[in-house]
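Reassemble the complex: the two chains are provided individually, in unrelated frames, and hints are given to aid placement.
Sequences listed follow chains E and A, in order. Quick note on numbering: this note's numbering labels position 209 of the first sequence as 209, and the sequence is numbered without any gaps. Quick note on numbering: this note's numbering labels position 133 of the second sequence as 1133, and the sequence is numbered without any gaps.
By construction, these hints were calculated from the structure, which means they are not laboratory data. Hints are not guaranteed to be accurate.
In silico DSS-like pairs for lysine-lysine, Cα to Cα no more than 30 Å straight-line [claimed, not checked]:
#1 A:K1065 with E:K306
#2 E:K64 with A:K1043
#3 E:K32 with A:K1124
#4 E:K30 with E:K41
#5 E:K41 with A:K1124
#6 A:K1043 with A:K1124
#7 E:K178 with A:K1179
#8 E:K306 with A:K1066
A few chain A residues that face chain E, going by a derived Cβ cut-off under 10 Å, partial list only [claimed, not checked]:
#9 D1055
#10 V1057
#11 P1059
#12 H1061
#13 P1063
#14 G1106
#15 S1108
#16 A1132
#17 T1182
#18 C1195
#19 T1197
#20 L1283
Quick reminder that beta carbons are idealized off the backbone N, C-alpha and C, glycines included.
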Amino acid sequence: MRRVVITGAGAVSALGNNWSDVQTALAAGKNKVQRFDVWDKIEGLNTRLGAPVEFTTPSHYPRKKLRSMGRVSIMAVNATERALAEAGLEGNPCLTNGDAGVSYGSCIGTPGDVPALTRVVTDNTTIDLTASTYLRTMTHTATVNIGLFFNMTGRIIPTASACTSGSQGIGYAYEAIKHGLQKVMIAGGAEEFHVTPVAVFDTLFATSTRNHEPSLTPRPFDAERDGLVIGEGACSLILEEYQHARDRGATILGEIVGYGTNSDGTHVTEPSAETMTRAMQLALGDADIGPEQIGYVNAHGTATAKGDIAESRATAAALGEGKPISSLKSYIGHTLGACGALEAWMSLEMMRSQWFAPTINLDRVDPECAALDYIQHAGRALDCEYVMSNNFAFGGVNTSLIIKRFSS
Amino acid sequence: MNRVVVTGMAGVTSLGSDWPTFSDALKNGRSGIRAMPEWAKYKGLDTQVAGPVDDFVMPSHYPRKKVRGMGQLSRFAARATELALTDAGLLDDPVISGGQCGIAYGSSAGSPDAACEFATMLNKHDLTQITATTYVRMMSHTTAVNLSIFFGVRGRVYTTSSACTSGSQGIGYAYEAIKNGTQTVMIAGGAEQLCPTEAAVFDTFGAASVKNATPNATPSPFDAGRDGLVIGEGAGTLILESLEHATARGATIYAELIGFATNADGAHITQPDADSMQAAMMLALADANCSPESISYISAHGTATPWGDVAESLATARVFDRTVPVSSLKGHLGHTLGACGAIEAWASIAMMRERWLAPTLNLVQVDPQCAELDYIIGAPRATDGDLLMSNNFAFGGINTSLIFRIHPA
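Extracted from the complex, chain A is given alone in its bound form (with noise of 0.2 Å):
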């Protein structure tokens, strides 16, 4: 069994794709929520906010031939991969290419714009928009596979997308690879591009948030008055490594990967279950060996869905029993679908590493349904912790939770 530690970070979000940017936004309450004019054409879609990345330019420097089969989506995982390969020290060594290196990846849909170029075909039947990218960007695993081109890498590839747990499950399985000896780097993650049909499925269930008219309050995730999830965008990106690749080449370790475990309910595609939710986070004490008192701190999910925020609260303080510091990043960012566990677990890291933890944005009363927890608010809480908990819970009823060791700063 090997040790697998973090080496490198990145993101590309609403608020920022370099940290002191980003973290600026998370202390100072920062919304990445906007009104969406743009969506204000169809008909039938009642949420009208959403958390563009409005300022996201593909590098220059990205060669034209590269860049032909990637979508936006692809485009930001490429990014906050550079960035991520970069922050490690890894950009361009030989071990990405070496076959000892693989990617775990995913999101929960390929670009919408290629699904639509095959439903212009299936509805017109007529294929002249049908180019030899459509497929490569339509595809849900158009992440993985581009990333493997985009940076020449041999080793194994894990399609992670599996909805809201995409980027989670990528971290996830990256460790499982290198704690079980076939990998010795993973370039682990995921990514989403923001979408109205996305924001539209969510509005079919009831789940999306209406308050058009106040962008920046909204999502609220456990406050009583919430009224759903805000879908958004971006990417996340963090490279795992074996401790002893990472010791012999004198890599910064910010944090090592601890335990992780992934379950499903079995019971409902939509409707979220506290008891596996619990199991899952047992499941990840277990594997990473050590008590729920020792965590210091929980990411949550924290969509601001009703039924969401209530089962997931329940099922954190039936594992921990104890008022745990607890927050969710959604709702600065949103619901960035198959990005948000892999932002999440790079925005924690680094926090927990400056000594700071987030407060939940927009979470002004603790809604009376939800367990008692000690729900950061207001401003951001010091703290002196060492491990974290980084949870996340999919459509479809898949579960995940991820243990953290931070290396202090």
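Just chain E, with the same shape it has in the complex (with noise of 0.2 Å):
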């Protein structure tokens, strides 16, 4: 078995791009949830909120490149060559001699090109469609995007498995290291805001509705949340084998030690606390690491009534009461594909800083939710060695992921 370490991040994100600019962003203790006018028109759409990112296609990235690229590929394609600075592997032979691979995902390809492809349907007619149609729709567009972008020959592992396709994507590309597959992967997940996914929440009522106080929702765990917020954004991380990572001198950030995966096996929609807790087990077992050792865990915490009481009782119950969580979709939304990506990059930035960002607009812990100790209002110094990322998917996915502080 080797050791599988992380040696380079890269994202795109509305709280921004680094981590200097994120711990910013997240010190500042304010959302970027906004208001959006232009769905009033929409029949039947309940909210209007959104958390997009500032973004525009890099000027350098080729034309003949961009054809099969919508703006999750673009944004995706764009976190990667970011991740792959920092770990100083651009232009490394690694990526093209077979060696390295993608393991990615997002919920759904660009939805807007996707009425270009069901015209020929819904209006008898090919008209709209082109060659790039079905690369820029397909869901495993951005997978195969990196991959070609930066022209590697590895394995690919397409993710799309919702709001678990960034931590599955993670954590499958550690099994590969881990097992001798593969020497680098790409690892992580995108999503493109739109208001697709929008809808879709909306339609299981998961949706907040707050229209007029877009500055105080999505409320992870608190009494008064209402429904999520979905955003967008990208994360890749480098995962590197670690004797790999040592022998061209990388700057190794921190560890995949554990990862889990399973199951509801019940209903497509309706969170169970049950495998939750197994998949944080699983996790534990993998890193051969006892509950007491987890010093922080970063929630999945979307902010839907059931969504929150199943997770936080499931981590009570994997891990014991009071383990100090919180939820960063309290400033960016549910960014769905990319989250368990960000989330992870995240909570190994916060645990090589030593500081852990609060949920915000949490104000009065939902009493149904489980006894944790839940940060709220203000950042909180710890000291850990190991911290768990978790997410659960539409579809009762759950992934649990455990990252260790790098010690050689």
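See the structure below:
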């Protein structure tokens, strides 16, 4: 079994694209949620809230490479470019010689191109369809486009599993290196902001409708929470076999030591605390550590009524009551396919800086939620060796990742 | 490292959903392709042939509550999986819901009708067609999630939606999960639901056959007169299991999965690349720790596109350096996209266990551009081999190669 370390990370997020900016924004304690008046024209849509990223396509991306890329792929490639730069792997032969692969996902491809595809059926015409349409709409579009942009020839692991796309991206990449199948993996997830996923959660009555107070929602674990807010972003981690990283003198940011993933097997949209607990226990077993060794838990914490209750109870069951926990979705909303990667990265950096962000807008913990040490109101100084990052998807897929502070 | 065996196999295909019916069609040269008069209304769609599963009826014992979130795509997958679990003697076995069993399954896209409901919302700014199940039917990992819920599976889920390698990556990643000890049993495979939008996508690449007047004569993989692929549909499921678990419960073992590799060409999203295909096959041989000489049959991807067949045959010839027996089942079924890797693995194992190999239907004269291989033409071929390789290559440059050692019937 090989050790798997993190040697680079890159992000596109509403809080910033590097840790320094993100930490400043987290410390400011303000969310990035906006009201969208343009959605007033959509019949049946209840929420008007979203948390988009100010992002423009880098001008140095060649037009030929951009043809098959929608916003989700461009953000994913941009995050990967930053991650490779931090890892010092830009142009490294390992990317193109088969030693490096991609494990990445998003909930959907670029939704804006879907109507061009479906017009074949709805309007009986292929007129809007170009050779690139399917490539932009297919769910593994970010995965494939990263591989092509950086000319990678290793394995591709598509991890489109809704809200666990990013965390499964990291988990399955970790296993590919651990079992000796690859030396380096680009791992993560992305999602582009679009009314489509907003409408999906709206039909489930899972969206927040505090449409006149965007700065006060979402409110993970708060008694007054009323649902999630959709965001967007991308995050790529460079995972590397320990010896490979050492041999090239890379700076090691942290180590992935545990991954657990399972499924509920019961209901598409009803979370199950029992299998969430099991996922965390699987990760602890993989890391071969006890629950007391986890110093901080980064919660999925979407701010839906049922999800937060189930998650908090599962966390208490797996790790014990009183564990420090916070949800970064209170700042940037639910970035769906990106959240698992963004949250793992931010958890790693919070551990490195020994400062953990609070869940904002968490004023009074819902008494239905389990007794955990919810970090509220202000950041917390914590010196810990292990952090756990949990995610739970629509469809009942659960993931739990354990990241260790690096020590050689 | 655990050894991984196949103990259940089934599929839903345009040529039948049980092996006797399907194998009879393969042996006797029956095609699952027909003309598509229902596509005549689509302006700009040149291809008017396809391989639909016309006789699929959803079993009446499927509870309504469980099928709400299932489009036709997930229903194909559930049926194939139910048949495969039954075949393995594992339907309702506690191992399925105990956490030791996972799922690795994919498709090129979700159910197309659900995507249309969303397009309507975007075009008409109206949410009223959207229901709670629309996204569940539309999402590309709809099959994996629906199978998990339908069969109460609580192990890990791999969503292997990677276009035409969805089914083969499903089998490959499931194999690695058992091999590395994270699961004991895996439900593995892929599915696809026929949709004119998929045909239109290949049409825009000039990759779809337009032999609309002679549907039974197309596609013709490796043939000099081939003019492209024909879209099909269906599902294929293999039940993979650790050898130890299968032996302990006295299961019938159809084959051992001894090698898997997957890589990417990193070069072009739609142009196949012989070098990386060759590398995938060699990586699979290395994983299986066997020589090219030991392989007795290759189930080719062979979609019948002009460039794909040439690249694949060249890559195969370079690896094997001899005229190894090859055929493509896409001559019979067309390209079932997300399902093909699993249906082809199922059929290849079943044929070889019965000591015969199907020919490539519609292959009359091998394209001189294609490399010299032992193309099985015209009639089934007898075999006494034990090892087969099944290859698939996807849009997006993803390659897979699987190697099975069959246990004779």
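To see whether the hints hold, each was checked on the structure:
1. Taking the CA atoms of K1065 of chain A and K306 of chain E, the gap is near 21 Å; set against the 30 Å cutoff, the hint holds.
2. With a C-alpha separation of about 28 Å, the suggested pair K64 of chain E and K1043 of chain A falls inside the 30 Å cut-off, and the hint holds.
3. Taking the CA atoms of K32 of chain E and K1124 of chain A, the gap is about 29 Å. The hint holds against a cut of 30 Å.
4. Using a Cα cut-off of 30 Å, the hinted pair K30 of chain E and K41 of chain E holds, with the two alpha carbons roughly 29 Å apart.
5. Pair hint K41 of chain E plus K1124 of chain A holds up; C-alpha atoms about 10 Å apart against a cutoff of 30 Å.
6. Taken as a hint, the K1043 of chain A and K1124 of chain A pair is honoured in the structure, with Cα atoms around 22 Å apart against an allowance of 30 Å.
7. Annotation: proposed proximity of K178 of chain E to K1179 of chain A holds, straight-line Cα distance about 13 Å (limit 30 Å).
8. Our distance criterion of 30 Å between C-alpha atoms is met by K306 of chain E and K1066 of chain A, whose separation comes to about 21 Å.
9. For the restraint placing D1055 of chain A at the interface with chain E, the shortest Cβ-Cβ distance is roughly 23 Å, beyond the 10 Å limit, so the hint is violated.
10. Proximity of V1057 of chain A to chain E is violated relative to the hint, the smallest CB-CB distance being about 23 Å (cut-off 10 Å).
11. With its C-beta approaching chain E no nearer than about 20 Å, P1059 of chain A sits outside the 10 Å limit, and its interface hint is violated.
12. Interface hint status for H1061 of chain A: violated, as the beta-carbon distance to the closest one in chain E is roughly 19 Å, over 10 Å.
13. Look at P1063 of chain A: its Cβ only gets to about 13 Å from chain E, farther than 10 Å, so that hint breaks.
14. With 10 Å as the threshold, the beta carbon of G1106 of chain A comes within range of chain E, its nearest partner Cβ sitting at about 7 Å, so the hint holds.
15. Nearest Cβ of chain E to the Cβ of S1108 of chain A: about 7 Å, under the 10 Å cut. The hint holds.
16. At its closest, the beta carbon of A1132 of chain A sits 5 Å from a beta carbon of chain E; the interface hint therefore holds under the 10 Å criterion.
17. About 8 Å separates the beta-carbon of T1182 of chain A from the nearest beta-carbon of chain E, less than 10 Å, and the hint is met.
18. Among the interface hints, the one on C1195 of chain A holds; its C-beta lies about 7 Å from the nearest C-beta in chain E, closer than the 10 Å criterion.
19. Using the Cβ-Cβ criterion of 10 Å, the hint placing T1197 of chain A at the interface with chain E is satisfied: the shortest such distance is roughly 5 Å.
20. For L1283 of chain A, the interface hint holds, since its Cβ comes within 10 Å of a Cβ in chain E; the closest pair sits about 8 Å apart.
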